[in-house]
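Sequence lines, in order, name chains L and S. Residue 371 in this note's numbering sits at position 371 of the first sequence, and the numbers go up by one each step. Residue 1176 in this note's numbering sits at position 176 of the second sequence, and the numbers go up by one each step.
Don't take every hint at face value.
To be verified - In silico DSBU-like pairs for lysine-lysine, Cα to Cα no more than 30 Å straight-line:
(1) S:Lys1324 with L:Lys56
(2) L:Lys61 with S:Lys1316
(3) L:Lys61 with S:Lys1254
(4) L:Lys370 with L:Lys381
(5) S:Lys1254 with L:Lys27
Claimed, not checked - Footprint (simulated), chain L over chain S, 3 or more residues, beta carbon under 8 Å:
(6) 1099-1107
(7) 1140-1150
(8) 1438-1452
No lab work stands behind these hints: they were computed from the structure. Only a predicted model underlies this, so the values are computations on that prediction, with no experimental measurement involved. Ideal Cβ positions, reconstructed from N, Cα and C, are used throughout, including at glycine.
Protein chains: 2
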Amino acid sequence: MAKDKKLVAAITDMEQDFPQWYTDVVKKAELTDYSSVKGCMIIKPYGYAIWELLQKQLDEKFKETGHENVYMPMFIPESLLQKEKDHVEGFAPEVAWVTHGGENKLQERLCVRPTSETLFCDHYSNIIQSYRDLPKLYNQWCSVVRWEKTTRPFLRTMEFLWQEGHTAHATAEESQEETIRMLNVYADFCRDVLAIPVIKGEKTEKERFAGAKATYTIESLMHDGKALQSGTSHNFGDGFAKAFGIQYTDKDNKLQYVHQTSWGVTTRLIGAIIMVHGDNSGLVLPPRIAPTQVIIVPVQMQKEGVIEKAQEIKEKLSKVARVKIDLTDKSPGWKFSEYEMKGVPIRLEIGPKDIEKNQVVLARRDTSEKIFVSIDELEEKIPALLDDIHNSLLAKATKNRDEKTYVARNLDEFIDTVNNKPGFVKAMWCGDRACEDKIKELTTATSRCIPFEQEEISDTCVCCGKKAKHMVYWGKAY
Amino acid sequence: MAKDKKLVAAITDMEQDFPQWYTDVVKKAELTDYSSVKGCMIIKPYGYAIWELLQKQLDEKFKETGHENVYMPMFIPESLLQKEKDHVEGFAPEVAWVTHGGENKLQERLCVRPTSETLFCDHYSNIIQSYRDLPKLYNQWCSVVRWEKTTRPFLRTMEFLWQEGHTAHATAEESQEETIRMLNVYADFCRDVLAIPVIKGEKTEKERFAGAKATYTIESLMHDGKALQSGTSHNFGDGFAKAFGIQYTDKDNKLQYVHQTSWGVTTRLIGAIIMVHGDNSGLVLPPRIAPTQVIIVPVQMQKEGVIEKAQEIKEKLSKVARVKIDLTDKSPGWKFSEYEMKGVPIRLEIGPKDIEKNQVVLARRDTSEKIFVSIDELEEKIPALLDDIHNSLLAKATKNRDEKTYVARNLDEFIDTVNNKPGFVKAMWCGDRACEDKIKELTTATSRCIPFEQEEISDTCVCCGKKAKHMVYWGKAY
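Use the sequences and the hints to build the structure in full.
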């Protein structure tokens, strides 16, 4: 009972202290726990079940688009990491180094992979010889390590789970197509599975991935108005190919360098789900990644026939949804709070009176709305309701994002907006790194992306007043 | 074409040089590749697809038996590894040590997990308080690292993929039940999915897992008569619980230690598949883990209607099996060899003459037998044939194992058998470590297990002649 009490004890109000609200939800919805290793998290069964559903659905999309999974070693020899100059400069400062194997000092240090471009390139240089070997469309699900100083569950941890796609193509056009294809896979996945709307665009040079020719990103907006980079897709051109000597013989028997891409999303997406959809009762899970979509809570369980009927309904519904039944001796009230905290999309209540009327009560987690539904119609109504919840969550998140997206035409407006109205700021930019740096220094906001959907807000840079090149989304970010 | 030629070039004869045959198959069936990291392998798409099918089906069994997946950090602080005395002695000599994070030397070394008992115990000590919290039935899919000197793809590599189950129970009876339950899950999985028969039994004290009270094993026999430990399940009793202080309050409000288990199988199972079922044409995959179960090879593709008919069949069969079609411009002969090398269970040939007769040719990979089947019956015949192939493979492997299982009644017989007849040797043992050591010294054979199914071969130890306690399976092992 002590455990239940903790669950229903109020969590911090999200409007009062959003970071503390986040920490409370992660803890009380039993998503993660702290570990003895500073900066590393334990992903608990409920959190991991979300990751498994996310992984399964994303993996299907990768396979539909022709990708194959592989597994590369978790270690990278120091000399291999150093082969591409920008890449090593970007990552070397934040890697974990293995120096000893058993009792012996290693001749060469190995880093624990922070990302695996170098390993894939090394492998590609061995297996690609002819145009017939192209494209190579590989993906890997694994964990990577980056030595972060400040960490937060899901958002920034020293070790995190992710997937990293690595592809090699015959031409620059094909690698560019692939880069955008996978960005779209991510964007569609966020919208259709996670109910999260994203802005698609290109990162500025400053924010580009170490070694990339172009980095594209999907940016989402959290409930508190802070941005979250939710997935990236990089076009490497032939930079890595030249560093690693990845060449193929084309149809005219001439040696050519391949063109490469990489793209990834991480367990960070779970952080996005929490911060986009959650409320003051806890987690709100979009139905398609909810480990339990319907929780059946029998009321007056001791009455004859209640448990039997509830179980009968569970059996029937298991064909159309992920259903669980709670037959523990906790009170219905405790159970209601518990599954609200865990974000279960639909609660199905059934008691003796309902059984008399051949009906149940369905309570939506997202709106708290309750409806009575005939038992005979459940198999049809539940999937429709889950879809409706998905659509409502997406609409609500889109509304929140749009309401928190502002326009700034000059620096004063920009500073005022960033300081007083948390959200995205759309503003023109000259393309100069100096203006980007100045804006960050003045406001801590960063350029999130140059969106594909450009708008002409004005023709001058919001910072320096010179001729503008792009409209940029700016914002404070996680 | 150069690549095709390599594929059909003869591999080493398995009866002449089994280790080289193994290496050839792994390479030519495109299962793994070498990497820049000594002792670590790259698992290529075809090898990884086998692992995914294996993982999926095993994971379902874990979930059916009530287990939940979690994710623990990949690092273990040195002080945590040292908490259980036997365990640290067993593993410390073979772990990789991280000493630096970025530019900084760590205050405490971290080892890359060789296994995660210590992390699970540390977590359990935090989350288990009451009998209501028990049992905890956790599992994790991840990679682990052990600093091995000599490595072979799948069989022994520095890093390998595996699952590790870690459970905590209220009583010794429950932990013993769980240990045996999971051993049975492994044994059934090997038989029903991998078509590999196994001997179930207990390891002797000498071969026990570091920190376990009892270790159980499934042992399989490879084509060459060497044994392979294919999965283990350990009962820890309350040893780890005492070292880590994992206590719960029972129903009488008394503090008790939990009783724990752990159990695991690895990518080594892919090595077992290769060495149990493979032949001189390459890999032979049991249908239930074959990424492609049916490969359609159209013959005389240029003839009108052949490709269309082949594709029509592919569409239809995709509902009942994992089917691929090869429309490349390689000759049918090349393709036949290629898919034989890759162990695809059924080859479906279709040409103009077959189409006239409304039939196809089905060639079994395991027996090379060819049958003509009406196109109308394919959807029914293919699943039945796949089952038949599974059963044949299992029968053949069982026959091979039984024929290579010998009995020895005295030391001379034992030595003679081990030296001249590769296989299992069943022999009585007094239970004394000295005899086990002596047998290993004389023959390099080790005790594989004390099988659950005991036989009374004689009443004296095969080594010392004293009173025998157990019948033991012995053998040289991978």
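Status of each hint after checking the structure:
{"no.": "1", "hint": "S:Lys1324 with L:Lys56", "in the structure": "22 Å, holds"}
{"no.": "2", "hint": "L:Lys61 with S:Lys1316", "in the structure": "22 Å, holds"}
{"no.": "3", "hint": "L:Lys61 with S:Lys1254", "in the structure": "52 Å, violated"}
{"no.": "4", "hint": "L:Lys370 with L:Lys381", "in the structure": "13 Å, holds"}
{"no.": "5", "hint": "S:Lys1254 with L:Lys27", "in the structure": "28 Å, holds"}
{"no.": "6", "hint": "1099-1107", "in the structure": "holds (count 5)"}
{"no.": "7", "hint": "1140-1150", "in the structure": "holds (count 4)"}
{"no.": "8", "hint": "1438-1452", "in the structure": "violated (count 0)"}
Of the numbered hints given earlier, the model fails hints 3 and 8; all others are met.
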